Structures are given as structure tokens and as C-alpha cells.
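J.: Protein chains in written order, with our numbering: chain A, 1 to 174; chain B, 1 to 1233.
Fair warning: there could be bad hints in the mix.
Below, computed lysine-lysine pairings styled on DSS-like, alpha-carbon distance capped at 27 Å [stated by the list, open to error]:
#1 A/Lys-127 / B/Lys-926
#2 B/Lys-1012 / B/Lys-935
#3 B/Lys-1012 / B/Lys-1137
#4 B/Lys-899 / B/Lys-1101
#5 A/Lys-69 / A/Lys-127
#6 A/Lys-120 / B/Lys-182
#7 A/Lys-127 / B/Lys-633
#8 B/Lys-1101 / B/Lys-1137
#9 B/Lys-764 / A/Lys-127
#10 B/Lys-108 / B/Lys-1101
#11 B/Lys-847 / B/Lys-108
#12 B/Lys-926 / B/Lys-899
#13 B/Lys-1066 / B/Lys-1101
#14 B/Lys-728 / B/Lys-633
#15 B/Lys-536 / B/Lys-429
#16 B/Lys-899 / A/Lys-164
#17 B/Lys-926 / B/Lys-728
#18 B/Lys-919 / B/Lys-1099
#19 A/Lys-164 / B/Lys-108
#20 B/Lys-760 / A/Lys-127
#21 B/Lys-728 / B/Lys-760
Computed footprint of chain A on chain B; a stretch qualifies when at least three of its residues, placed anywhere within it, have a C-beta under 8 Å from a C-beta of chain A [stated by the list, open to error]:
#22 836-846
#23 1083-1089
#24 1121-1133
#25 1162-1168
Everything labelled a hint here was simulated from the structure, so no lab data went into it. Bear in mind that the values here come from a model prediction, so they are computed numbers and not experimental data. Heads up, the beta-carbon is just placed ideally off N, CA and C, and yes, glycines get one too.
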Amino acid sequence: MGPEIKAGSRENVMGLKFLFVLCLTLGLQFGGLLTISGYGQGVGDGLSQQEAGQVVENVVMPYFLALQKGDVRSVEQLIGGNLSMTLGRLLNENPEYANFLRERYEKMQLMDSPSVLRRKAMDGFSKIDEVQGRGNIILNLQQSDGKPLFLQLSAETDGDGQWKIVDQKIGADQ
Amino acid sequence: MIQSKRWSSCFPAKFFPYIFLIFIFSTFLLSVQTIWAQTPPLIPQNNFTKYWVDSEELVAENSPGEKAFDGDPLTHWHTQWLNASPPHPHSLQIDLGAVYSIGGIRYKPRDPSGGANGRIGQYELYVAADSGTPPTIPPIFGQWTLVASGSFPNTATEQEVLFNTVSSRYIWLRALSEAQNKNRPWTTVGEFNVLGTLVTEQVVISPSSAEVSPGGQQQFTGSGGTPPYAFIILDDTSGGASIDFNTGLYTAGPNAGTSTIRMADSTVPELSAQATVTVTEPSSGTFSPIPQNNFTKYWVDSEELVAENSPGEKAFDGDPLTHWHTQWLNASPPHPHSLQIDLGAVYSIGGIRYKPRDPSGGANGRIGQYELYVAADSGTPPTIPPVFGQWTLVASGSFPNTATEQEVLFNTVSSRYIWLRALSEAQNKNRPWTTVGEFNVLGTSVGGGGSNLGISPSMVTLAIGAQQTFEGMNGTPPYVYSLVGDTSGGATVNSSTGLYTAGPIAGTSTVRVTDAGSHTADANITVTAEATFLNKGGWTVHFVNSQTSGNPATAAFDGNPATSWRTTGTVSPPHDLQINLGNVFEIEGFQLSPLTPYGAEGISFYEFYVSKDGVNWGMPVASGDFANDTSLKTRTFPRITGQFVRIIARGAFHGRRSINLAELDVIGAPFTGNHDPDGSITAPTGNLTINAGGSVSFAGTYSDPNGDPPGSFLWNFGDPAIPDATVKDPGQITFNNPGTYTVTFTVSDSLGRQDPFPAKVVIKVLDGPNTVLPRGEWRIHYVNSEEVIQHNDAAVNVLDGNSSTLWHSQWNNVEGPHDIQINLGSVYSLDALRYLPRPSGQNGRIKRFHIYVSEDGHNWGQPVAIGDFVNSSAEQRVQFSPKAGQFVRVAALSEVNNKQWASMAELNLEGRCRNPSVKIHDPLTKDVQSGPNLKVAASVCLTHPLHAGWGVKVAIDGGGQQQTILMPADGIIRADTFLWTFSGIVGDNHEVEAFIVDQSGNAVPGSTTYDKVTHVGIGGVYGALGDSITVGIGDDDPTDGTSQDGRNTNTETGFIPLLNDLLTAKQGFPHNIYNEGVQGETSAGLLIRAPGFLKKRPKAKVFLILVGTNDASSGLVPSGAGSDPPAAGTYKDNLQKVIDLIRDPSMGREVYLAKVPFSLSPAKDDDIQGYNQAIEELVASNGIPLIPPDFYSHFQSHQSELIDNVSHPNGAGFRSMSTLWCVAITSGVCDGP
């Protein structure tokens, strides 16, 4: 049995408050210290909400819309890396490719709202430094028959710091 | 409640101001920490050594731990994967070479072109807690401090971890998991760097340990502190090791033993470091085990004969399954235990082998500490039980706790009896037993008794009236001793006991022993006067490093204790005084008088040397500390002959710089023996540098203080190709071989006494001026990427002599590092590379480079040079240590503007062809060629006109077929000069040998004039192109990862090794299948990469293609099925173009297609079926003579053989694939493996 303390004691409440502030302060200070200087790796910083919004609005959404429209010029501008290699001749030498894309993607419906996509981008994308970044985002789609479909897009920044879609995988499962 | 009480009582409101102060202070700490978190610089890797690693793959690939810090990110450390795959955690411990203040690391995962296996996920980083003591191996956690832990992402990008700085010399990277999250057991590291700064208040000697042969040399260097460093020998058991005080060049003594080196900072001698040298005798190759069948047990202290029949004889019964065991049933007598063996005859013994008991019976009684003795007098059987005085200790040490046979070598000694004395048990469990499985003695017979008669000691120096007992050995007793010469005024010797008594004056004596066979042996005795303080009248200062005008060095021997030698206050110890005594003496001590009244400048730590010539000082005859008082300091040591003495004051008391020495006396006696003769070199007058083929005239002089005439002269010219000369003036000597040679001139007097310090001169023989090699026969051996579509930037442009044409890597889609390799056509000794960057524009100008030289174009070893080119259009020259090779590789790791390209206008090399050599570079061992012809190519170095008429003979299977190609008359070896084609070679494995032959067709002896490759197959050569399925991803059966012939091995195993086995068994001849699968490969990617694959695998005649799974995964690639010609960029179109590339009519290649496997993901099924329809159309339209193996149908009906929806098979699935491929290729039945 320990000594009984009155819970409403002003002194106790003040002490607890100050202790809370102190612990919070020290926790923030040293927690940050350990994270950044002690054990941090200096890589993998997630995107800010603003950056994620820009990636979604400038790259992810336009890319999906370009697929739906068969807009091969836009697709070409939005892709990079291996995807440019895979699609290079299709986009530039195959006059039927726009139809192919349209037929395949036109009736697919994007089920994610912009805010959901921003959140996914914040979780899935990261910056390596000021200009380099990479990440994945999974779009929830619905086919014309109502069945779900998932589109996983991988993106990286190019040498100028611009985000490009570098890979795409499609599937009925994740 | 208790917690509330604690909080409230600890932090009442009245403490708020203090809490506020804590807050402020914590903020301050954070700011300080931020400053400390500045990234420290990289610690140079070139001093790193692997301290411990838990696992390495050394069979399937050469990936030891060292690859993690070789500066080459294209190589890596890989834990074992071929014969076993030990699980996590994996550890790599690195000795940084010195103590550093460490603040972080950088981890570069393996080069991604080789895959992502082994990328580290969770990690821990430790440093050794005590930098002064090397940590225990295997590691004990208590000796290490955890400084960081976390998880690395699954990326090929270099990762940096920073932590609070800590001083240590050792760092430990501990990988707990793999980043891929696939539960794979491996760890790989491309590069591992440590961030920190040298702790300058430490000095480090490098290497800290070394092993040399008797008489061998080792260069020691220092770091840290303030150079220069002083090197001395603290301790030596090798019989006279020496080290250059200033340069650190160590020379071992003539015997096995150890030396301890101490290196001190020149300004702060208290800063010192030590190194150890192990001087090991040459291997036991000159000795063989003495036959055990003549051995008899001479004496044993204990045997177990009740519980088991294990007498001492079992130790030499030739059966390692039996053993000698000391008693254990009724009693267990404690250590030591002894086994003495009579060898049956006198042998010259140089070592033993101890085989512990068979481990199936346990480890009890394994010997730990041991001693080995031989009987000192072979003529008389030793006393039983043993008397130590009758035995000579020849070796001692500790055996490890292992069942492996141990070998101990020692200086050869003649004896008939040997004694193994076990002092402890290796298990360290305080058990009292000793066991021996087998005991062998290494030695050679010395023939019948008498002819090897000796006397011990054979040479000795004694004081007037002193006594010495001489003993005959290796003869036939009884021995009779007599005095056959004496100038000491009446020496005597007892004829039966050998006790000699010196006469009353200095002189010499000779004692002779005669055995029963009338053989004789003599011992020489030098009788010297009794030691006294030497007269200092003729002494002079030979050298002193520091003195003051009022206290010169001469005051140290002026006989006046009131005057003293004092060094200046501006020079720190060590202080060095060398004195010429004027004559040769037998010296046995010295006495030092501190200044009185006593100051604070006494010598604290000293070394004392004696030298005959004042140049060669050897090791100290005495060293140690003096008491901090005014007492006389007297030190004695065994007599040593010399004319010069030297005292080095390593430190002064109280950290003072100056030392003060009032008087130094030397204790000794006049030398009355035979003085050393002295030889000197008069021509050349100093060291010389000449070109190969040049001559030098040599001449010498001889002198002897006794006036003895010369007995012999010996010139050794350093180059084994030049025979020794035995005349005083050998005249012109020609040096043909480049190198640095120390020429020694050794003289002996007519009594056989040899100059202990032969005269030396160094001749450096150069190859001649650097030569820029002609490039007429050079070829591009390999390039990873070249732009030939959008512009003619082919790799060959670097050899065209036109600086306006370039090699440029592909403009699009191919990232670095880039790699260009040149075949020079023949072997050169290369020592410099010249890189001419593109003249205009900066794209692709190489920044970070690695340069490699290889004999065969396959094994590149370590880079010969690593560095950064500057961003300039000017030619840049990289000099490196000469290395012989026919192939040169430049790895371009980065670009001056950090872009993805590499470019080069011209590449030149400097070097020369030197010693005759031949190296088969095609085929290599285990290569396979498509029969029936066997083509052989060799790298050859022959020099015109020196080797005119010489050539190379190649023989197949021991000479069944052989052909010789001679060096062309013009002396120019071209890329196609040494190519042989042997026809009619049957499909099987063969052996290929190459010999350099002279004008007469005789093989030229030498280490470089012969080469051999084995298991060269004539059979089927395939290339497998595809995606991760071809790579083998998903195979969960590691047991079939290597083909039975060892040719095909695969990290991910997969179907290729299995297919090799099936085809080899089915067709009856060897096969080789190159795995060129690329993870994520698509049909478009294959089309881009196919030219590179075809160039890389010129021997492959059949290509197996399996691609489409990733095309389908993307949902972006139309099949093109049903249209002919197919639309551009479709799956069918891409494959058609790949088929056209492979089926180049001039190359004789064939292509086989396989159907895309069924996928568990229905979203891909339509595309896959479309691709498979396209495949059927391609097979028909191209007339491909193989029905595609139908992996779609197979996996559709065997879905249990797939592991995921990317169509990756499991082990069973890959077995099925190999069978389906085999059935398709052979049109028959293939038995599953």
C-alpha cells in the first residue's frame, strides 16, 4: 500500500503539467536528435501535401486521362525510364496505338478522389534529395462490367527533377 | 498512485524555473548536436582490412568481404550461396587501420545490373569499445558498442547513416534481414564507407603483424602523430633481426621466431605503437616423415591399459583411429604428460606432426600447451626418468582445439630421441589427460654414425681461466677430447669429460673430439682478458643528434663526472650518441653516471647497441628503464665484439626534452681473436640506374686487421639469371631483366672468417623510356553501350586516331556505370593509360574511373588505378604500377556533370612486352564450343629480335593433336596471329595446353611459358534470353542450382542448370547455357538489349527466348497477332526483329521461342493468349524448327507450381520447364531430374 495522494491537488496538477511539457520538449528535442543525427539515414523523406498534390495533378491524373483518350503525345511526355523504352515505338511508329489505348482504358473509371490520391502519393512517394525521388501509387479502377481493377504506377524524377511514370502494372488483385 | 506520488514529489511547481532552464539547455544541446551532425569525411579504404566476416561466396563468384571496401561498386561482398546459404544475421567487421573518430557510414548496395539479392534491410552498426585491444573473434557483444540501427530501403542508391561520433578502430556491420522482404538469406554490399577523422593523438604502425621467412624483409610504415617515426626492435627470437631506425625496413634473423617492433613518434616518443613479426621456417617440403616402423617407445609417464588398450605405441602405429591415452580409469595423473620415442637412428630433425585423436571418440586429451625436446647427446641413451639437462628444447607452443593435424617446424637438429611433453589440454576444461592419434617426426637421415661427428659448442669466447665443457655428438662413443692448439698460456682439457680450462692470458685454443671410429671435430675458443672499464683515451664521437656548446657529447666520456653531455631544449627525444672506441673490444656492459647534483633531465628509457662498423647496429644488446635517481646505472649483457657503442635515450623524466649524461663507461676486454675481414666495392662507386641490356663494371677491395690473406670472394648480383662471381674484380656484368637488384660483395679470410657486413650497391634496371603502344592490332573486347543509331559513336572510334570521332554510350535509356574493354592482341607490361576526352561538348566526359588490366579478359582483379578525370578536353594520363595483360578495361563510374553518359575520343596505353609468356584466353576451363572444330586463342609476349624463331605450341589432350605457330618474321604479333583451329574434335571434354617453344621447338622453361585449360567441352552452346523467369526468380529449391558439370550455376537456380543436365545426358556431349535473363524484361527491352547479348556471347549458337509476362503486366503492349507484317512496337513485331538479329545469315545461329506462361492474374490472360498466338504465327512464318514448349498450358494445369501472379514458378515448376524445353529441343523423351 502506497501513500494516498489527492488527485485534485493543485500542486500535483501543476507538476504533471510541467512534467508533461518537459517530457514533450525533451522527447521532441532528443527524439528528433536521435532520429536525425543519431540514427537517421537522410533518405526516404516523404512528400509534403503540396508536393504530393502536384504529382497527382501534374502527372498521375494527366497520365490516366491520356490513356483513356489515347493521347499518345501526352503519354509520351509523361513517361520515362523503362516505360519509354517499352512504349517508344508504339507511341511513335504505330498509328493504331491511340485506338488500342482508348479501347482498353476509355471505359475504366477512376474510383479514387483527388484527396485520396494525394494521401496515397504522400505515403507512396519519397524524395532522395532535392531533385531525386521515386515511389509507387495504386489507382483503384472499375471496369465497365463493374469489376475492380488496380493500376500500379511507378514514378521517378528525371534529371531535371520532373516526375515521370516509369512503369505500370495492371491487375485484378494487389 | 505510486507513480503519481513520484512525479509530484520530483517535479513540484516551485521547480518550474529549473525545468525552464532544462528546456533551454536541451535546446542548446540540440544546436550543438546539429553542429556535430555535419557529415564527416570518408576514411580512406586503402588501410581497411577485413577483420572478420561470417560468410562469403568464394566458389560461384569471388565475392569475399574485402569487395565491400575495394572502391569498386561493380564488385560486392556476397554471403555464401552456392554450397550453402547460412541465414541472417550476417556480419562484416572491418579494421580501419587506425583509430578514427567515426560519425557515420555509407552503404552502397550491390550493382543493380546483377540484381537486388542481398540488399540489406534491417541493420545494426557497432564499433569496438576498446580500440587498443583487437576484439575477440568470433565476436563477443560485450566488446562492441551499438552506435546505430535501422532499416535500409530496397534501393540501389547509396545510403548514409550518421551517428554520434565515437572513437574506434573497428567497425561491425550486422545485417539482420534483406531489403527485398522475400526472406532470402543473403547479404550483399557493393561498397561500404566509413565517415570520420583520424584521431591524431594516436600513432599506428602498419602492418600491425607480418609473417616473413628467415632473412626476409618487411617494410613498416607509420601514421598519425608527427612523422618521421623511429623504429626499433623490442624483442627478437629469430637470431638477430634488424630494422632501419628511420625507414622501418625490417630484416628477419636467420631462425624461426618472433620479433616485436616498436614505432615511436619523433616528437612525442611516448606515442608509440607495436607490431609483431612471425619469422617462419620454410615449409616442411625439405623434410619428410621419418618411417615410424623403426620407432620404439623409449619412455611414457602414463598409459591407459585397462579400460582401453592405449599405450604410447599407439601414437606411432600409423593408424589415426587408435591413440595413446594417459591413464583415466583407476587414476588420472595430472599434467605434464610425456612420451619419449627412440627413432632407431640419428636423424636431422626439423619438425613434427601431431594428429589429435579421432574426433568421433571425443576431444578429451587433445594437447594444448606443449614442449618438444631432443636428446642432446645421441651417442648416450638418455636417463629414465628424464633429466632435463640431457635434453634440448627445440620448440614449444600451443595447439588449437581441433582435430586437424598440426605441424611444428624448428631449426634442424641431429638426434635419435625425441620427447613430446604435453603441459595442458586444448579444451581448456582442466582435464588431466593427454591423447595422441598419430605423432610423426619430420627429418632426414644423417647416415652412419661418425661421418657426422660434431662438437658442441663449436665456437665460444671465454674469459681468462674460464671453463667450458665440450661434447661430441652424432658420432660413435666413446669420445676422447684433446687440445690441439693453444695461445692462452696453458689451457687444459679433460680427455674423457671434455672440460676445458682457459689459460691465464688472452689467446685462442682448439679442442678436438675423436670418436670410436677415429673421426674428429674441432671447437675454436677465443680467450679474452677479464672485463674491465675500458680506457677512454682513444674514444671519439661517431655521431650525436644534439649537444650544447657548454655540454658537448665528449663530456660523456671525459672522465669528469662534473661535466656532462646535454642536448638542446628544442629537440625532443630520442637522443642518439654513438662513440667510436678506437679499437675492437669484447664488450659485455656499460655504466652510466647521471649528473650530480641531480637535475630533472635523466634518461628514462634507453637502448644500448654495439656495432663493428658504426653502420650496422642490429638490435639493442640492452634496453629498458632507468631509475629516477642519481645512482650509477650498470647494465651487462653477453659478450659481443665491436668497436662502436651507441646509447639512445628514448625519453627523459618528467616529459623533458633535454637529457643530461655525466659519464658513460664501457665494460669489456680487448679483442684477441681473429678480426673480421672487410670487403668494399670500388666500382661502381655508388648506386646506378641503367636500361635493360646495359652493363656495369664491378671491382672490389679486401682488407683484414690481422693481415690474414683473403680466402674467398663472392659477388651476388641480385638477378637470379646472373651467376655469382668468385673473383675480386669480376669486370663487366650485363643486366637484361628490368628490376632493382642489390649486389653484394662478401669476402672471407684464409681462416674462413667472413665479413659480417658485405659491401652492397644497388643497380636499378629500367625497361627503358615509356612507350606509347601501337594500336594497329587492338580490338574492342566489350562495351556495355554505344550509340550507333542516332550517330556513329561506336566504341571502335577510340582506336581510330581521329580525335573528332567518339565513343559515346547510347543517348537514351542506358544508365551508367559504363564499361569499355580493349583487346591489345598480345601481352604487355602496362603502366599508364591516356584518356582523350571529347574535344567539344561535355556530355559523357568521364569523371570517376576505374582502370583494370587482365590477362584473359575475364578475370580483372583489383583496379590498377582509381581516380577522377578533370572536365577538360586535354589528354589525361594515369600512371599505375606495371601489370602484365592483354586486356584493358575502363569503367566509367560517373560523368563530369553527373549525367548518365560516358564518352571518349581516344584511348592510348603505355607499356612494353617483356618476358616470354603465353596465356590461353579462349577457351577457358569449362568453356564449351560448338564442334567439331576447336578454336584456341592465346595472349603471347615474344620480343623481336630476341625471340626470333620462337613460337607457341598448342596440344590437345596431351598431344593427340598439336600445332605450333611461330612469331611472325617482322616481330609484330597481331590479334589473329596466335589462333589455332583443331578439326574433328569429338563432342566431349578436352584439355588444352600451350607452350612457348624456342627455335628448335623445345619448350622454354619458366613460370609464364606454359598454360593449360581443362574441361573444355565440344558440344552445345545456348543463350537463354528472357525475364525474371529465365533469371530463376521464385525457385525455392536450392539443391539443383548448379549443373552436374559445374558449368551452369545460378543465384536463383531456375531451369537452366537442370536443362543443361538433361541435354548433356540426352545428347551425350557437354552443354553450356548462358543465362541472359533480365528482371522486368519486355519484348521491347529484349529488342534493345539483344545486340549486346549477341556480342557478349559469340559462342552461343542457339538462343532460347521466353518473354511476355511483363508486357502483359503493363497492360500497354498489343500482341500484333493476326497481322503480317505486325504493327510497329507490338509484341509480335518486337520478337520478329529479335529473330532477324539472331538469324543473321553470316552467324549460323538459331532461335527457339517458348510460349508465355499462364498467369494467376486474370487481368493479364487476354494479353498472354494474344502473345502466344503471335508466337505460333512467328514460328510458322519464320520456319523455326521447334515446337514451342507450351508453358501456358502446363502451368494452367499445374497451378501449384506457380508462386505468384507474375507467373514465377517454384522449384517444381522450374523442373517442369527444363523438361519441356528439353523435350522440345530433342524431340524426344527427357527424364526429369
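J.: Which of the listed hints are not met by the structure?
T.: Hints 1, 3, 4, 5, 7, 9, 10, 12, 14, 15, 17, 20 and 22 not satisfied by this model.
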